[in-house]
Every structure is written in structure tokens, then in C-alpha cells.
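4 protein chains.
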Amino acid sequence: MRRKLRMGMVGGGEGAFIGAVHRMAANLDGQIDLVCGAFSHDPDCSLRSGQALYLPAERCYQSYQQMMQQEAALPEDVRMDFVVIVTPNHLHFPVAVEAIKYGFHVLSDKPATLNVEEVLELRSLIVDSGLLYGITQTYTGYPMVKEARARVQSGELGNIRKVVVEYTQGWLAAQQAEADNKQAAWRLDPKQAGISSCMADIGVHAFNLVEYISGLTAAALCADIGNVVAGRSMDDDGAVFLKFDQGARGTLLASQVAIGEENTLSIRLYGDKASLSWSHQDPNTLVIKYNDKPSLVLRTGGAVGSMANANTRLPAGHPEGYIEAFANLYRNFASQIQSRLLGETLSAQALDVPGIDEAVRGMVFIEQVVTAGNSETKWHVIPQH
Amino acid sequence: MRRKLRMGMVGGGEGAFIGAVHRMAANLDGQIDLVCGAFSHDPDCSLRSGQALYLPAERCYQSYQQMMQQEAALPEDVRMDFVVIVTPNHLHFPVAVEAIKYGFHVLSDKPATLNVEEVLELRSLIVDSGLLYGITQTYTGYPMVKEARARVQSGELGNIRKVVVEYTQGWLAAQQAEADNKQAAWRLDPKQAGISSCMADIGVHAFNLVEYISGLTAAALCADIGNVVAGRSMDDDGAVFLKFDQGARGTLLASQVAIGEENTLSIRLYGDKASLSWSHQDPNTLVIKYNDKPSLVLRTGGAVGSMANANTRLPAGHPEGYIEAFANLYRNFASQIQSRLLGETLSAQALDVPGIDEAVRGMVFIEQVVTAGNSETKWHVIPQH
Amino acid sequence: MRRKLRMGMVGGGEGAFIGAVHRMAANLDGQIDLVCGAFSHDPDCSLRSGQALYLPAERCYQSYQQMMQQEAALPEDVRMDFVVIVTPNHLHFPVAVEAIKYGFHVLSDKPATLNVEEVLELRSLIVDSGLLYGITQTYTGYPMVKEARARVQSGELGNIRKVVVEYTQGWLAAQQAEADNKQAAWRLDPKQAGISSCMADIGVHAFNLVEYISGLTAAALCADIGNVVAGRSMDDDGAVFLKFDQGARGTLLASQVAIGEENTLSIRLYGDKASLSWSHQDPNTLVIKYNDKPSLVLRTGGAVGSMANANTRLPAGHPEGYIEAFANLYRNFASQIQSRLLGETLSAQALDVPGIDEAVRGMVFIEQVVTAGNSETKWHVIPQH
Amino acid sequence: MRRKLRMGMVGGGEGAFIGAVHRMAANLDGQIDLVCGAFSHDPDCSLRSGQALYLPAERCYQSYQQMMQQEAALPEDVRMDFVVIVTPNHLHFPVAVEAIKYGFHVLSDKPATLNVEEVLELRSLIVDSGLLYGITQTYTGYPMVKEARARVQSGELGNIRKVVVEYTQGWLAAQQAEADNKQAAWRLDPKQAGISSCMADIGVHAFNLVEYISGLTAAALCADIGNVVAGRSMDDDGAVFLKFDQGARGTLLASQVAIGEENTLSIRLYGDKASLSWSHQDPNTLVIKYNDKPSLVLRTGGAVGSMANANTRLPAGHPEGYIEAFANLYRNFASQIQSRLLGETLSAQALDVPGIDEAVRGMVFIEQVVTAGNSETKWHVIPQH
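Protein chains in written order, with the numbering used here: chain A, 1 to 385; chain B, 1 to 385; chain C, 1 to 385; chain D, 1 to 385.
With the rest of the complex left out, here is chain A (with noise of 0.2 Å):
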């Protein structure tokens, strides 16, 4: 019979973003009991903020090494069933690698680690050890997001022809962000963050939902990426040509410095046959065009296929938004584990999480979309790991 499956966290402390709202994705099911965690890198405040979480003290950890090695050494109708990674970039390899080694499943924000020489090796540990990986590239959990990927295998499209995606945000575009805000201050450290600023946050979600919908591979891209603020040594805007496969051809845009804009994700593709769009802004809705006849909008919870609803709470017209998207990630994951101890086959819905390859997808991306766009080179290939 099924039961509560139990998650610890790394990272996620008072302050910060992300974490919270990983467990808000979590609780919203009631499927999941959050019941340890290492939320900071500071003992007390991991200690504080696991005990704001109701959580014994016990259970909150001093380190992320401390956690796995604790957990694993607990009954195993008590200790953790998998971990959330929630820290800021450069530590999502190392924990990543650390909850493998101690044999815990790992659901990881993205990106999956600093560089694709890491993701590469963290693919050989996931299929050695046979332990589930996910990768939280959000926006995949929306609805209509799983309609339009659906519409598009379909073949109601047609061949594509041409893609065009765009993240921007407005939040970086005055020079204090960084030093105001402890989010962005991290984001622009490469230390922290990487090679990229820009195109590691955002640009990398857009490049999966691409793929994700599409179910084109990217194969080639041209790239103009800039550091407009002043004193910035990453990317905060950029704009990408992409080459795929089958001859379609696409354009991505990111930028953290557009000033008024929020969090527009935005996809757009162009068969021969129809077209879709549909905007993070009215999430709820996908709309469907052609030359000839009326525009249909489709919407959550209304006349949909089977993995859109199957990823809906509420009759249409409830809107739903981020954190259910976000949780759909998460119920899909946990599907993945209770299968496991269930010993059932995994439901297409189940495996519907991003996973390892995508992680590997999205690392190459930012990899080279930045060599890209310090080249004066036009197209740069994209390696098939």
C-alpha cells in the first residue's frame, strides 16, 4: 500500500527563494512529509530554519554530508526517501553526488551542476546506481505546456518550422541588484553560479521547453550574449539562432535586464500544418492557429488530452499556476518512487519529470551558447552527449 514519502532538503534556509517554494510544491498533495534537512551552510541557521519547519532538532543537519550519512544509518520506515536540492548552483553536483553515494534519489534544481564534464559524470552515477533523478525545469509541469507537447506528437502541426522563445526578466537592470539582493548576488558570482548568469537561470528553461514541446534536438546555434550592466563579468541578456535536426529553425531570448518584465516566458512554434503559442503571463490557455479557419484557445481543465488533465486540480477557470506546475514535478517524481517501492511499472504520467538527460541537455546549452557568444564564429555545433 502506499504511504507518505519522506524528503530531507539541502539548502532552502531563512532567506532563501527557492526552497520555499519547493516545499509548498511539495505539501500540496499531501504525499510528501518534509522530515530532515541541511539548510545552510551555517549549523545554526539550519537549525533555525528546520525548527520554523516544525522539524525535531535532531533532524536538522549541520551539513549535507552529516544529513546522508545520518539518514542512511535510520530504520528504513523512518530515514528519508529522497533528497531536494535547493542551494545555489555550484553545490548541486557535490550534494548531488554525496545523496548517490548514500543511495537516496535526488530531485535537483537546475541546473544539474557547474559544467558538462560534471553532468557527464553525474549521468554515469545515476545509471550505475539505478537511483531516480529529476530535475525541476518548472515550466514543463504546467498543463498546457503537456498540451501543446501532446498536440505537437500529434503530428496536428505538421513538420515544425520555426520556434521562437523568450525568458525575459526585468529584476537585474539596475547595477545595486546585486548588491541588494541576496538572490542576485549569487546569481552573479560565478563562483556560485558558473560560467553564465543570464543563460544558466533562465535562458537554460527556455532551451528545455523548446525541446520538451517540440520534441526537436537543438544541433546548432549562433549566439549574442552581453553583460549590459556595467561591472558584470556574466551574461545578463542575450538572443540565440538555433539550428534543429529536422531543419527547423528557432530563435531564444533571455534577458534578467529588461526592465518591467516579470518572469515572460513565452513559446511559439510554426508547423506546416498550425501553429501554438502559449505565454507563462495566461498559462492556462494554449492557442492554436491557422490560415484557414478560426483560432481554437484551449484551456486547463477544459476539452484536453489525457496528460494535460491528468496534471490538473481544478475545473476550468480555477486558475492555476506556478507552484502547482511545480508540483506536478514533484507528484510525478513521487509517482517514480512509489513505483519503486511498489515494485509497479512506471505510468507514462510518472515518467513525464525531467531527468538526467535533460540536465545533460541543459548544461551543454549554457556551455556553448556562451562560447558562442564570445566567438566571432557564426554557428557553433551542439554535441549529442
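Hint data in this document are derived by calculation from the structure and do not stem from the laboratory. Everything numeric in this text was worked out from a predicted model, so none of it was measured. Any given hint could turn out to be false.
All copies of an identical chain are treated as equivalent in the list; a pair is satisfied when it fits inside any one copy or across any two copies.
[Claimed, not checked] Straight-line distance between alpha carbons at most 25 Å, and here's what the computed DSS-like set of lysine-lysine pairs gives:
| id | residue 1 | residue 2 |
| --- | --- | --- |
| 1 | Lys273 | Lys182 |
| 2 | Lys293 | Lys182 |
| 3 | Lys273 | Lys243 |
Following the hints, complete the assembly by docking chains B, C and D onto the known chain A.
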């Protein structure tokens, strides 16, 4: 020190709709545990439903009477803190009475009772017991609804002259709706729903929203209501003129047969200085308009006031929806209970939950709108109880 | 062979608003020449206005009476073919009578007269004279309004159950509006405007739009109208319940004090198979909604019917607006005149101009809505003349 | 004293598209008479077309050469004042040259010529002759585009950092488009259209709009263009990175195969203080966004600046569209001619018409974007002629 609160649920068993929504809302912030329930009048169903929610069998009760009695007998650090009522309408009142009898706070779905007489009795019981009572007029939970109220309170709109509010749905447009759908069946059955379908189910939300945002008190109404689909004994559509104490006039539309509408709730207030509009279809946006200046677009998470921000969980541009709004009612009601437990004064935010006064207003509205709809007289006074 | 038609104008001199709109509408298609006018009751102003429009002095008349008389005396291939009336309301009737007396077709701004008695007399004169009469209920000129009507006629919506229509403006929200603005002054002066401001100026457009699109006939109404701004003797705001012959019910909102609204005209029709919505703020879009299928978005110039296409000038995506809609009335009315001149039968398109019957309906609506608004009785029959 | 201006047209005969649009734009304000034309290379078609426009046979010319010669020989108060050129692209240059030779002002559709060499020669002829030249980069005619430019000029956005512009259409998505459609056929025929289809037809509008609104000058570009539909020898889709003199970067998208798109032109500018966005699908709205304040929504006819108002004909809320924008170019160009005739200085408004300098920029853009699209080199300088 704060502890997690313990919730018991009456109703919400297998196949129910709103019970699951209440549980997600209660779960979201990790501040409330569901510890027991009487999920169905059918004891087997109640047990199955509770076990699917990971409750121990001994706290899956056979009736709400049993639940109150046995929970009251549990040690103080085990028994539930409050009861949430998510049954069909006709049970809201008796369950609340029973809960009060045993000293439990009550959070009830709307409408509070089947008629004004009952709700006035309920108010007496609440007042006499000193217990806390909340009613889930959900839409007041949206951050931009709270911002709208704050803007009106601050005088930004001047004197309100006109209000236009609407809640339209299409799901009962077909004659077979009640045969096909358990949710439809009880709402169209006077024994379970009371004297009204459309006005009691959704019209009352529109009415509550007007009084919540505007701060005005409706003094009289004129109504045209109808049973559009043949064979129904209750209203499935209607429109109302409203007169307010302070001279403003309003119109309220509600329909369950507006084919193609999902849960289309919208409100506009026109003052003598400015107007505002909010729509449930785009709930994170609030528009303020003037005659001689550009319109302002306010956004959840953006440049808004403290009450809106206190009811927001994400940065601007990450859409928050219905569950988050619902969870704001839970969070604020939980805050009331926590304050009681800790002997603290209630904050403005904690107090910002619809309570017994709103419950009374809702029942008065429902009774008067049905009376007026069946009358050839134009205006009907709305009594102030 | 077709020739350009010759138009004479009464009203529309310096400082007028609607006269210039009529001229642009008449100019657009190059089928009509303005050849003369009595542009003002002030002969100097009439002359100045005419000369600014490149008219010879001898055809800038000192009064409409003089214009009718002298034009009638000109050779057939010189004199005007029809008169357009763009004065304040109180002159619509006498000018039309004078035009008919001299054998000129009439295109009149609305409302046709000051009361029902006059409009019935006007109808007799028209019928007896055999002359053509059009009334500029402008909004019926939009291609997507015509498409809406065609969709209803084809049965696509099934039986209409409910209609929601609204025309709101904010320009008279301030007390000083009538002092500051010539357009406001005459609309709020009963001597020039008649018994109603808001309902006669814009409510009547909403009423006409409902009957035009739905094909229904309103049979009774209940009204709440008010003089919101102190000191006014006429309505500046109101709401109406409508009952239609065929059992449908409707609501109509109109306001001149809805601060921040521009010319917000919108209409929704709910049938038992589908619903449709159209808004003047996005006039080239028509949405059709279902309960169990995706919504359809129809667009001017796109996949729409023949009547919409015949009233469209541009490819889809090049916005057409108010002047084009207005020009459709002119083009179709001109088509009627051309058919007379050439002895041809009128096409369906030529006939698609609001005429004397719509003029009568409008006056009946205005009278009854004011009567009902001032009455304590709920329902008032709308007479069928 | 002002008189009506006299216009001659080259091109625009039966079956043409843009000629009719030009005539409506010229008609709208009643300031211009079409007096003659060489409407087709087929003399019979030219005659039939002219007579359908109510022109006398003697001014329906057999060729543009004949028209220039014979009109020049007419008395000064009869002959045309200016020529409008609405032929396929390859004739724009020779017709303009001929008009200049005979001393007529020229208003030309875009692109001005087939290549940069020709347009530089044209510029010399214009400068030497002292004649007036306008080019119908239509979208600069929209009031809210003018407002956008004014807001940038006033410094409201601060320094522009990034520009995103797009013009997408779907009408050439199908392979048979060129066979079925006269408009498609010439645009995809290099002999008539020049070296580019997509970029010369619509990309150039996007480019012009960027430089018009931003006041920036594009200095270099990188392009990915393609012939998406098999068998075409010219681009039907493309994307461009732009670098501007002042450090801003931009992206430009254009496509004729974006199925379902109508004439989707949109632009966003991001400065270091604010951003703005405008879309042709909602042309009467301009949005200004900030990071720390509510967004502003500006509307045609509302609280906007003098240049926008001078190009607006209606009160706010009465939609103005493409023909009105086009007519603004005509009105302002006519104003230039009137000023010449009256010996007056040109007003800022009269000067606000795209002219020979914009024509040169357009041709340089078209040539460079095709060069860059066919090159493996990333960046290509845009010469400043």
C-alpha cells in the same frame, strides 16, 4: 512557540470536489495537519477516504457527531484544533452547531446555513461560545482583491458611484447536467442546496466580493431570476440591481447556464476619482483607470500594498491562482487560532477572513434575491441584522 | 453606369464632432462627394465651415430650409442625392421632414427624433414618399458584428437564452463636463437632447446591437436609471433587465459616468448550444465558446462569412476601426441609392443598413426605459409599433 | 488659401491590393483628389480601372511615361501635384525617376528601389531637384507609435539597451501560395521583387520601426534567413541580431510562413529606466513598464502627447486602424506640399513622414541582411550612406 495546527474534516469523501480543494489549501503552507475526518455519511466511504489520506482508521469517523464527541475526549495535544465543513449546504449548519457544542473552532464552506433564521442562531452560538468562525468566500483571498479593497479604503477612487459584478458559469447549461454529475445533482436539489441554486452557489460570492472590496453595504435590491433549463425547481440564472447605503448603485449577474463560461468572476468599481477592475480570469492583475491619466496596471508581487504582499508567495510573474487564494483564507484563519493559543492580539492580516457577519450577509442576500425574483414589486429592502 | 453620389450635410460645422466623422466615412471609398451643406444655424459659421471643406460659397447654405429649397431647384445632374443629418437631437426630425418634403433621401444620426410620436410620423412620411432612410447605428457596421448576426441566424448558438450588453463611458463623470465641453452641453440639455442623456446617446446603441445580432425582439423591461452627477436633470447612468418575445432574458448597462471607460461597448449572447462575445475594444475579433470544445476566435479578414467579408477592406491583421464601420453604413446606404438610380434590385448587403424600423425601436426603447426608471413598478411592456 | 491637392497614381489597377489602400488613405480627410493614373502596363486595364474610379478617359494613361509627359503639359491649376507609386518593387525606381524629371513630388510604396545603388541615385535626384519625396513605411503613422517615439525622445526610458521587433505573417506558408495569388506571385519573383521577399516586404518595416521609435542607428547585423518552403529562390523567413551605434542590441524577426499569423508586428524597447511595448494587433494601446511602479497604459485619444494627438481623428475608445495610420502619412505629406504652395515653413508634424533617408536605410538593410544571411561570418557592418 507555534506548533502545527490539527484539522478535522466533515465531508469531502471520495468523489467530492471542494473537499480536495480545502485539503490542498490547508496543506500548502505546511502549517496545518489533517488529523481526522467524517468524510461521508457512509461509514465505509468515510474510512476508505480517510485511509487514502494516510489517516489511521481510528480517526476516520462514522459520523460527524461521533467525530466531535471522540475528538473532544482525546488529550489536548492530540485532538483536532478546528473543524472544516465541506458537505452539501444543508449540513453546514448542524455540523457547525455540533462543533461549537464540543468547543471546536469552525471553518465552513458557504453558504453558512439554509436560511437567515439558522444563520442568526449560528451567530448567537458563535458569539456566546467565543469560538472562531470562518467562511470560505474564497475570492477575497486573492492578493489583488485585497489590493483593490485597500485602494478603495485609502480613498483613491473617491466616492463609489457604481459597481458591476458578475459570476457566470456554463456547466449547468445542459438539461442532463444533474443526471450526469454528482456536483450538479445536489446543487439542484432543494433538500440539499436550499432555496436557490445559482444565487446560493455563486451569486453569493459576487455579493460578498462587492461588499468586501467596496466597503459599502447593500440596502435594497431588484431581481430577475429564472429557471432557464426546463424542469428545474431552482434558479440557474439571474440578474440583480443593487442600491447601497451610501447612494451607489450596482448590478450583479450570475448564471450557471452561460455556456462557454468557466468561472468568470469579475468586478468593476467606479468612483468619482477613479475606477478599478479585477477579473478572476487574470487574477494577478488589477487595473485602475482615470479619465485624464494613463491607466495603471498593478500586479501581484509588484508595486502593491502590504496586505496584498502579505498574501503573496511568489515573485511577480509567477502566477498564483485559486488554491493560493484559498490557502490565504486557511493561513489567516490558522493565524487567528495561533494567536488564541499563544495569547496574542490578532493582526489585521489574521482578521482578514470572512466570518459570521459575512455569513449572515450572504444568507440575507440569498433569501432576498429569491423573494425579489419572484415578486412583481421592484425594490426589496435588504435587512441589516 | 454608376456615378459618384452627391451628399448635402445639415449640421457638422466648426467645433462639431460627429459631422467630421460622417464626412470621413463618406469620403473613404471615393463613392460620395460632399456638394453642399447647412453646417450651422449661424450663417457665417456655415459659410466658413463649408469653405474649409472646399465647397463653393453658393452651396454653403444659411439654413437647412434654404438648402432643401435651393438644391431641389438645381439641375438633376448637379443637385444633391441625399441629405445627412448630424445636428443635435432636436433637429433630426424637422430636418428629415423638410428633406422628405423636397424629395431627398435621408441618412440621419440617431436618435431619429425626440419621441415616439415624432418617429411614427416620420415613418409614415418615409413610407408614403418612397424615399430611402438610414440611421447611423454605427456599431452594426463592424464586420464581426455582422458575422455574429450571421452565426446566430445560422442556428450555431441554438436558442438564445441570455444577452448581456453594455455601453459605458466616463467622459461625463465630472460635474464641470457640461460647462467645459460643447458636446457634453447639448447632450445634457433636455431642449436639445430630449428626455434622456445616457440612454438616448449610448443605451440606444446597445439596445440596437442586441436586436440586430440576436434577431430577438425585446418585449418588456425593468430599469434602474439615475442622475449620478448632482444638478443634472437627465439620466447619466443606468441598467436594464430585458425580456424578449422568445423567452430569453437580458441585461443592458449604460453609463456616462463610468470613469476611465472610453467607449466600452460589448455584447455576449448565450444560446443553448454555444455563446459568442464581441467587444468594441477589440472589434476585429469574435469569440465563440462551447462547454465541451475549444473556443473559436474569428477575425476580420479571416475565415468568416460573406456578409462580414463584404464589409471588410483589408487583409486580416490590418486593424479596421470605427471609421471603416461607419463607412460601411455609408457604402451600403449609397448602394441603395445607386440601385434606385440604376433600377436594380437591392442586394442583401445594400439592405443591411439600420432604417426607419430601427429608428422606431430606438425611440420606443428610450421612452420606455425612462418611464420604467422613474416607476416603482417592475416590468414595463415595450410596445410593438 | 489652401486648395485640394491633385494626385496621380502609377499602378493599383484591377486586382491590385495596395493601390486601393492608398486611395482610401488619400480620400479619408477630403484633402486630396485622385485626378489621373497609369494604373496598369496594360492600357485597357488602365482605362477600365480609371473609369471605375470615376476618372475621365483622357486622364487614364497608357503608361507612366505618357502620364508624366501629358500631365506636365496641362495648365498648372489642372495638372497633378504629386505622383503616388504603387507598382511591384522593380518599377518604384524608374517611375520615381520619371516623375522627378517632370517636376512632380513623389510618394512611393516601399522598398524605394531594387538595390542600394539605385536608391543612392534616387537620393541625388531628389536633392538636386528640390522635390518632395515620401515613402509609405506605414506603421510610423500610428498615433501610439508616434507617442512611443516621443517618450523615447523625452528620455523617459533612459538609455535604450535592447530592442525586440517582429513582423510575422502566415500567408506564404503553403507551397501553392505563389500559384494561387497574384500578390504572392510577384513578391516571390526576383525580377519584380528584387533580392529578397520576406525582408524586403516586411522585415524592412520592422527595421524602420526600430530606428523611428528608438532614434538609434543600427551599425551591424548578424542574420539567419531561409527559404522555408521548397522551390523558392528568395527568403520567406528570417531572424537578425542588431547592434546599434550607442551600444544597444536588438533582435528582429520576420516571417511569411508563420502559419496563423496575420500581420503581427510588435516592438519592445528596454531602457535603463523603463520599457515600452506596442503591438499592431492592439494599435491604440502603448504600455510603459517599470521595475518598481505600476505599468502605464496609454491610449489613442487619451492622455498622450501632441504628436500622437495631431495624428488622431476620434475620441478615445473609437478604434483607429491601418487606413487611418496610412492616411496620416498622406495627410502629413500633403501638408508638406501645401506648405510649399503657400510658402510656409514645414511644421514638425508635416516633416514627420518617412522620406528619402529612410528609403536609403531600408535598402541598405535589405542588402546587408541578405548578404549576412548567406555568409558564415557572424557580424556585418551596416554602411552609413
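Hint numbers the structure violates, sorted upward?
-> none
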